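Chains as they are written, first to last, in my numbering: chain A, 1 to 265; chain B, 1 to 265; chain C, 1 to 265.
In case anyone wonders, no lab produced these hints; they're calculated from the structure. Some hints here could point you the wrong way.
As the list claims (entries may be wrong) - With a straight-line Cα cutoff of 30 Å, these simulated DSS-like cross-link-like pairs (lysine-lysine) come out:
#, chain 1, residue 1, chain 2, residue 2
1, B, Lys28, C, Lys211
2, B, Lys28, C, Lys173
3, B, Lys249, A, Lys28
4, A, Lys41, B, Lys249
As the list claims (entries may be wrong) - Among chain B residues calculated to face chain A with C-beta under 10 Å, some are:
#, residue
5, His40
6, Lys41
7, Val42
8, Pro44
9, Ala55
10, Tyr58
11, Tyr60
12, Lys164
13, Phe182
14, Ser219
15, Tyr220
16, Ser221
17, Ile232
18, Glu239
19, Gln254
Computed from a predicted structure; not experimentally measured. Glycine is no exception: its CB is placed at the ideal position from the N, C-alpha and C atoms.
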Amino acid sequence: LARPIITLTTDFGSNDHLVGAMKGVILKVNPDAEIIDISHKVIPYDILDGALTIAQAYRYFPLRTVHIVVVDPGVGTQRRPLLVSGDQHYFVAPDNGVLSAVYEREERLTVRHITAEHYFLSPMSNTFHGRDIFAPCAAWMTKNGQSASFGDAITDYVKFSLPKPKTADGVVKGVVLKVDNFGNAITNLAAEDVPQLLSANTKFTLTVGGKPVTRFAQSYSQGEPGEAFAIIGSSGFLEVSMNRASAAKTLGVQRGAEVSVEIGS
Amino acid sequence: LARPIITLTTDFGSNDHLVGAMKGVILKVNPDAEIIDISHKVIPYDILDGALTIAQAYRYFPLRTVHIVVVDPGVGTQRRPLLVSGDQHYFVAPDNGVLSAVYEREERLTVRHITAEHYFLSPMSNTFHGRDIFAPCAAWMTKNGQSASFGDAITDYVKFSLPKPKTADGVVKGVVLKVDNFGNAITNLAAEDVPQLLSANTKFTLTVGGKPVTRFAQSYSQGEPGEAFAIIGSSGFLEVSMNRASAAKTLGVQRGAEVSVEIGS
Amino acid sequence: LARPIITLTTDFGSNDHLVGAMKGVILKVNPDAEIIDISHKVIPYDILDGALTIAQAYRYFPLRTVHIVVVDPGVGTQRRPLLVSGDQHYFVAPDNGVLSAVYEREERLTVRHITAEHYFLSPMSNTFHGRDIFAPCAAWMTKNGQSASFGDAITDYVKFSLPKPKTADGVVKGVVLKVDNFGNAITNLAAEDVPQLLSANTKFTLTVGGKPVTRFAQSYSQGEPGEAFAIIGSSGFLEVSMNRASAAKTLGVQRGAEVSVEIGS
């Protein structure tokens with residue numbers, strides 16, 4: 001039998017004992033669990049950033065992995081804790097939309113409101129449900145495999161729409177969703193939103209931060225020193241990048257910046 | 001048999017190979033060990049910060065977990081390496097007080113001076129006992145379970161008193177012990193030091209950084225935008241917090257800042 | 001049978017899902033693999049920094065550990081992916097010199113150009129071979145142990161010379177290779193390059209950043225407050241350090257700074 005795997009995606013950072021305490025709770029329930037950090041550097045309180053982070057990573061994990069996602073500004077209120085069963089993976093998270101990108105990608109889903117308090121840590125705090133609810137529930141899920149024992153299925157869970165590209169007058173408009181560790185400005189334009197860019201010799205003007213980008217590259221190292229270019233990144237989205245330098249810093253672009261692509265001229 | 005668990009709490013940061021080398025040493029001795037990072041962002045050389053970090057996390061781990069704690073400005077001197085056996089956990093650390101909060105919490109303890117050099121890495125450096133002494137000793141402890149084989153019990157180990165709240169003229173005075181990733185200013189006032197705050201409708205003035213805080217909240221999201229409030233955090237201590245913002249930054253408060261609480265207008 | 005161990009050394013940082021995705025890919029191929037982070041904070045695109053990081057850590061790991069090293073500015077170009085078999089360890093990395101320090105240390109090596117595309121993730125990106133090539137190849141290597149199945153041995157792999165100390169007119173000249181988390185300025189002068197320093201009472205002047213250092217210490221805590229001193233660090237190289245303070249910051253020294261040591265007066 002393969003080892004049960006639990007992943008963690010949070011906005012807790014790495015300066016504190018918080019993530020360590022969650023891991024202890026998991027291992028006390030299921031000492032066989034393999035715990036994998038996806039990221040603890042989600043922008044604090046930022047549900048969209050959390051939603052994007054888990055969406056980029058979860059499908060690479062084995063069947064039956066349980067993904068804990070804790071970006072939880074409403075901790076201690078009436079917002080519900082959820083156990084979500086997809087086709088191949090499970091998710092444990094607050095009901096605040098942080099799984100919205102998972103809901104978009106997964107065809108069949110059961111979303112349960114976790115009410116089985118016997119799985120919770122006791123005593124329970126009002127401020128750290130990552131440790132007191134989400135960690136032990138994920139660990140019990142790997143141990144007993146009984147998703148129905150956690151609570152009833154619901155349909156009115158919180159889901160927000162991810163920002164979508166818009167096309168008008170031949171101009172495709174989108175937004176920078178994230179700036180990564182290398183300064184690549186990752187947009188919400190998928191390759192299929194701008195198919196002409198991928199053909200050699202298509203003339204286009206991408207505008208971001210008021211600056212024009214007119215070259216499409218197949219790999220980062222094709223860029224000339226100091227040149228910003230467009231490229232399809234590893235998640236299938238258009239990025240504005242530079243060769244061995246930060247495009248975001250050079251162009252003065254941050255998360256949320258508008259991007260437009262005009263073909264021709 | 002459950003897998004042996006070893007946790008790591010250090011001030012090594014994550015930029016270097018140091019933590020990786022410790023993990024290699026552990027796995028070479030005991031390839032079955034499960035290694036869990038609690039934090040490597042203890043403030044460099046800061047024994048109090050290390051003591052608080054391990055104290056908040058260790059008790060969530062399973063029985064017989066071995067906790068390595070390396071905040072060790074005296075590495076290479078005569079300060080002793082220790083193996084500490086508590087009721088449920090083991091600790092491997094330098095004898096400089098970094099386990100003081102563990103000594104306060106654990107009722108029964110055996111503190112041993114590690115002298116069994118055959119467990120050490122050879123050759124041994126003067127500057128990295130995390131790799132050369134603490135990692136292999138923790139790994140051997142998970143392997144042979146023979147704490148007495150590491151050295152004799154001692155009673156004159158280094159222990160400092162954690163800063164305690166003081167009450168005079170109805171004013172409770174304490175200190176900010178830590179600012180966490182969300183900007184919560186965590187004090188050394190436990191819930192039982194200020195019991196009246198927890199009752200609804202008690203009037204009080206908490207003063208920190210020269211600013212008054214007069215509201216007690218049950219959850220972070222009860223705070224109005226821009227409002228600092230008091231709350232009991234997940235370790236049972238009073239925090240000064242804000243809803244989706246950094247109270248510490250907004251109030252200009254850092255670790256070490258004085259806090260006072262006066263009940264009644 | 002001992003669990004297979006895979007280590008990760010990258011310049012991906014910890015803000016993104018990148019490392020998490022690599023771990024998912026590994027576990028999907030080999031759920032028994034134990035994955036250990038050495039560092040994800042290699043200076044972005046810096047092949048020398050990556051080469052030094054893996055060189056300081058790999059030999060502490062058990063026999064047959066597979067080390068993934070991804071500092072890969074040429075991803076998506078013709079640069080080859082490699083599987084390197086040393087006496088005790090395996091390495092998976094791009095053929096750009098990032099294993100140069102491993103090549104220097106290992107006496108017997110087989111370097112293979114990975115061409116067995118059936119091991120790769122499909123579809124494969126042009127921008128993230130850490131996830132699409134290096135992670136799955138490392139995982140398959142731990143699973144089948146058949147290094148020859150990955151591709152043919154080559155001899156024209158990329159190798160650069162690490163910066164070496166030079167001696168002229170009795171002065172030994174070197175360079176700062178790295179500044180660590182504590183502000184120690186680690187040089188490329190090995191203990192054997194400056195044997196006189198290690199004898200008590202040798203007079204010497206080490207110059208770095210235009211400032212003279214004239215004392216050799218056996219441990220960090222021997223330094224007086226504010227005093228910079230020379231010491232042999234845990235990897236056997238000369239460091240310029242201070243007691244509980246950052247020598248690099250105090251002396252205004254960064255990576256790449258020249259260091260000279262003159263014995264006598």
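> Can the hint on His40 (chain B) be confirmed by a CB-to-CB distance to chain A that is less than 10 Å?
Replying inline: Since the shortest Cβ distance to chain A is 7 Å, the answer is holds.
Any CB of chain A closer than 10 Å to the CB of Ser221 (chain B)? holds, 5 Å
query: Does the interface hint hold: is Tyr220 (chain B) within less than 10 Å of chain A, judged Cβ to Cβ?
result: Since the shortest Cβ distance to chain A is 6 Å, the answer is holds.
Quiz item: Is the Cα-Cα distance between Lys249 (chain B) and Lys28 (chain A) 30 Å or less?
Solution: Given pair Lys249 (chain B), Lys28 (chain A) is violated - Cα atoms ~36 Å apart, limit 30 Å.
Q. For the hint on Pro44 (chain B), does the least C-beta distance to chain A fall short of 10 Å?
A. violated, 12 Å
Checking hints one by one. Is Ala55 (chain B) an interface residue toward chain A, by the C-beta closer than 10 Å rule? holds, 8 Å
Using the nearest Cβ pair, does Gln254 (chain B) come within less than 10 Å of chain A?
Nearest chain A Cβ about 14 Å off; hint violated.
| query | Can Glu239 (chain B) be said to touch chain A, with a Cβ gap under 10 Å? | reply | With Cβ-Cβ at 8 Å, under 10 Å, it holds.
Is Lys28 (chain B) close enough to Lys211 (chain C), meaning Cα to Cα at most 30 Å?
The given pair, whose Cα atoms are some 42 Å apart, is violated under the 30 Å limit.
Per the CB criterion, is Phe182 (chain B) less than 10 Å away from chain A? holds, 6 Å
- Query: Was the hint right that Val42 (chain B) lines chain A, CB cutoff 10 Å?
  - Reply: Holds: closest Cβ of chain A sits about 9 Å from Val42 (chain B), inside 10 Å.
Against chain A, is Ser219 (chain B) within 10 Å by beta-carbon distance?
-> Holds. Min distance 3 Å.
Hint violations for this structure: numbers 1, 2, 3, 8, 12, 19, all remaining hints satisfied.
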